[in-house]
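> The chain contents come next:
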Amino acid sequence: MSTMAVPDVAVAPVDEGFWTRNRKVGLVLLALGLLAAVLFGALATDQQARFTLSDDAAGAALEINGTIGAILFGIIAIAAGAALVAGVPKRWFVTVLGVGLVGFVLSFLCWQVSAAPTGQNFMPLVNIIRGTFILALPLIFGALAGVLCERSGVVNVAIEGQLLMGAFSGALFGSLSGNVWVGLVAAAIGGAFISLLLAVFAIRYLVDQVVIGIVLNLLAVGVTGFLYERLMQTDATKYNSAPRFGNWNIPLLEDIPVLGPALFRGNIFLYLGLLLVLVIHIGLFRTRWGLRTRSVGEHPTAADTLGVKVLRVRYRNVLLAGVVAGIGGASYTLALYSFTKNMIGGKGFIALAALIFGRWNPTGALLAALFFGFADQLATYLGAINSVIPSQFLAMLPYLATILAVAGLVGRVRAPAADGKPYIKG
Amino acid sequence: MSDPNPQSGSPDKEPASEAQAAQTALGNTERAEPSTPGRSAPDSEPKPNLGRMFLDNLWAANTFTVTLLSLVLAIVVGAVLMIISDPEVLSTYSYITSRPSDALNSSWTLVSEAYANLFKGSVFDPEAFSGWLNGDNGWQAVLAPISETLTYTAPLVFTGLAVALAFRGGLFNIGAQGQATVGVILAALAGFLLPLPPGLHLLVAVLAGALGGAIWGFIPGILKARAGAHEVINTIMLNYVATYFLTWLIVQNGVQDPTRPDAISQAVDTSAQLPRLLGDNLRVHAGILIAVLATWGVAWLLNRSTLGFELRAVGANPDAARTAGISVTRTYTLIMVFSGILAGLGGSNMVLGSTASALTPLVVAQIGFDGILVALLGRVKPWGVLLAALLFGALQAGGNRMQSYSGISLELVTVLQALIVIFIAAPALVKAIFQLRAARAARLQTSLAKGW
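Going line by line, the protein sequences match chains S and Y.
Using my numbering, you'd call the opening residue of the first sequence number 34 and step up by one each time.
Using my numbering, you'd call the opening residue of the second sequence number 7 and step up by one each time.
Any given hint could be a false lead.
Rough simulated footprint, nothing fancy, chain Y against chain S, three-plus residues with beta-carbon under 8 Å [stated by the list, open to error]:
{"#": "1", "region": "73 to 79"}
{"#": "2", "region": "205 to 213"}
{"#": "3", "region": "233 to 241"}
{"#": "4", "region": "385 to 397"}
{"#": "5", "region": "433 to 439"}
In silico SDA-like links for lysine to any residue, alpha-carbon gap of 25 Å or less [to be verified]:
{"#": "6", "chain 1": "S", "residue 1": "K454", "chain 2": "S", "residue 2": "Y348"}
{"#": "7", "chain 1": "S", "residue 1": "K342", "chain 2": "Y", "residue 2": "A434"}
{"#": "8", "chain 1": "S", "residue 1": "K271", "chain 2": "Y", "residue 2": "E94"}
{"#": "9", "chain 1": "S", "residue 1": "K374", "chain 2": "Y", "residue 2": "T253"}
{"#": "10", "chain 1": "S", "residue 1": "K342", "chain 2": "S", "residue 2": "K271"}
{"#": "11", "chain 1": "S", "residue 1": "K123", "chain 2": "Y", "residue 2": "A233"}
{"#": "12", "chain 1": "S", "residue 1": "K454", "chain 2": "S", "residue 2": "R349"}
{"#": "13", "chain 1": "S", "residue 1": "K374", "chain 2": "Y", "residue 2": "S104"}
{"#": "14", "chain 1": "Y", "residue 1": "K126", "chain 2": "S", "residue 2": "K123"}
Calculated directly from the structure, the hints in this document are not laboratory data.
Every residue, glycine too, gets a C-beta built ideally from N, C-alpha and C.
Please model the entire structure based on the sequences and the hints provided.
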């Protein structure tokens, strides 16, 4: 066949002796903790670092002296690292690692907040959490689209294009109809259109899936950019003034301190995104559809033998992915901004990173997306308090984290076995 | 490759009848054609003459025909996009049943003018030629379209070669963009920070660009070789890391142009700029010569050198290559380093050539991503890449004129480029649309499809 199943060279080195992968990770964490305790502790000032439980400086706050906080949380990271080096049971690994990393981040924050210009030594948690979720939204939708595709064995590099097409058609048809729901449906169809191309070329014509994904991204950039300049720039009121979803407050839940105002006074996309994570997670691991999807993604021949229509499952999942990503694109144009050229700007690729970082798992993807969203929000915050850390380096964080993840430094990531391999019956 | 139609004419059977021959011709079989003249009785069907064979092959799904028809299809889709995005022309379609001439005329005017400008901007402008004959303008105006085309071609050759080289070794280098970015950074830094004599300065700056690309290619290469980390993921991620690094670097003291408030670096010294080939009025510069040289070099490397053999062996089947005693680890790393060098050279073209002389956040444009398309269009063969880059350079140059003269957004060029590659990547689709007969070498031989 034209498509050769070349196994990766990834002959995973067998861990031998004392220095298992977990211990090495612990060593890295230990070093990070030392860095935090010494460097961040030295750089932090004696100002109180206040983490306010509101939108601004007012109200109740968690406070800690900057220097003490930086050193204390650094020590927590050291302790976690030391525990990992000493050896902890496998099921505790992720927890301990998480504690250590959170300690590192908090140490960093204590330094940054305390070193901020006087009068700005506070971090409004509600703001940060809300911003994290808003920035993570397209990543969540995009990563879910990736999960749907790749779990059934089709590599989806076209997330960027699906998001962009969704954003564009949401804006265009929302504006033309003046109805936000029409826009939402159009966005879903727009995303599904790119998906359809991906499916047809990858499944029917057996084009290399990464190649077609990359090309479809360019196509989406070109088509939306072209129509944007021809239509939206010439007559913005007619073509690019879509109505927007307002915020829906959820009774009772919105009164929860910190989380309430941050999460339960959001727009439809926030709720839809979180709901979709839940639905897809349950669907994937608890339903017949999920079992079939996963079997098609892991071993299509076996699935076919058992009577699963491999290609049909793949077509359906790829199209569903387009719908999800299209809605994710609309979370820009039907809630926040009007459409601009290439407005997704690489978020589709961070979504891909979130998918990989989250190990092809909806919940993992959610956590990864939130982590990336947090990095993004943190960059904005640090820019506002004139931090010495350049925002560009924080913006690199998701990409660097992903490289570390796939290089196997944070545990191995493994794609579905048949991911990217076209299925040819026979 | 498997034969899509298993019922191809077997030589053992009795000579095919007329009906059968016609049927095999339509049925896209591969071996039927060559096998019949040898075995069949000479009098059962007339021997095809040379012209007939030529025509038959012309309408077969060979590389050339598929590429040409893909181009045609892309142009048609582009025309449709132009028409549906023009409200005035579109309005004539509302009464197309009563007066179809209006709709057709206005569509034809719109589309033909746009594509005429595309041609005039990239290949040949008759007005400039007649102007030269009448003495209204100099000879430069006649060569201006070609000069523009070659200017846009040069960097695409490098990035196209970078992607193609990695492809041949079984790696998909999506990171040409990032490698070109790091290349452009080092080339520019060498260009305005080092006080060197002319000539040497240029050489050092070009090599600095290559070094930058090599570093950025080495990282995914070694990660792939040692940790098995998939190069597609890593190169995508490194693209963004490089871009953010560039945007950070530009505004640093000593790099940023002190007289400018916006994000732009100091300009590269003239001693480090590539000389222009046709005088100062035309932008074509020596980069295109280096590009041709690089094409020759890559062709030699792939087809004549030991490394090239190992590279192709690893690309075809890494397990077999390892069994044969080739170090897959070393080869993967080297492939990415060489690929990075090429992409880095493409990057240095962007700042040492005539398109820009200082770093800006968008100085590399899209050359890395376009390079992927160029490599695919060139069927991952060095000289094919050169031709493909020429086509893309022409589209880019002509697109500029199309934008300023016909008001058709430059984005249309991106659409055309993407469409061309989509069609050539799926020759079965082109074959089906035009009812082509099958021929050998129709399918793009780059399928790596191995997932993450």
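> Taking the hints in turn, state whether each one holds.
Now the hints, each set against the structure:
Given a C-beta distance limit of less than 8 Å, the hint that chain Y covers the region 73 to 79 of chain S is violated, as 0 residues qualify and 3 are needed. With a cut-off of 8 Å between beta carbons, the region 205 to 213 of chain S has 0 residues touching chain Y; three or more are needed, and the interface restraint is violated. Here the region 233 to 241 of chain S counts 5 residues with a CB under 8 Å from a CB of chain Y, which clears the bar of 3, and the coverage holds. Figure legend: the region 385 to 397 of chain S, annotated as covered by chain Y; annotation consistent (3 residues with Cβ-Cβ distances under 8 Å, at least 3 required).
Look at the region 433 to 439 of chain S against chain Y: 4 of its residues bring a Cβ nearer than 8 Å to a Cβ of that chain, three or more, so the hint holds. Between K454/S and Y348/S the alpha-carbon distance is near 14 Å, which keeps this suggested pair within the 25 Å criterion. The suggested pairing of K342/S with A434/Y holds, with an alpha-carbon distance near 23 Å, which does not exceed 25 Å. Distance check on the hinted pair: K271/S and E94/Y sit about 15 Å apart at the alpha-carbon level, within 25 Å; holds.
Between the alpha carbons of K374/S and T253/Y the distance comes to roughly 20 Å, so the proposed pair stays at or under 25 Å and holds. As the CA atoms of K342/S and K271/S are separated by approximately 45 Å, the hinted pair breaks the 25 Å bound. Pair hint K123/S plus A233/Y holds up; C-alpha atoms about 22 Å apart against a cutoff of 25 Å. With a C-alpha separation of about 17 Å, the suggested pair K454/S and R349/S falls inside the 25 Å cut-off, and the hint holds.
Of the pairs offered as hints, the one joining K374/S and S104/Y is violated, with about 38 Å between alpha carbons and a cut-off of 25 Å exceeded. A hinted pair counts as satisfied when its Cα atoms are at most 25 Å apart, and K126/Y with K123/S does not qualify at roughly 68 Å.
Of the hints listed earlier, those the structure fails to meet are numbers 1, 2, 10, 13 and 14, in rising order.
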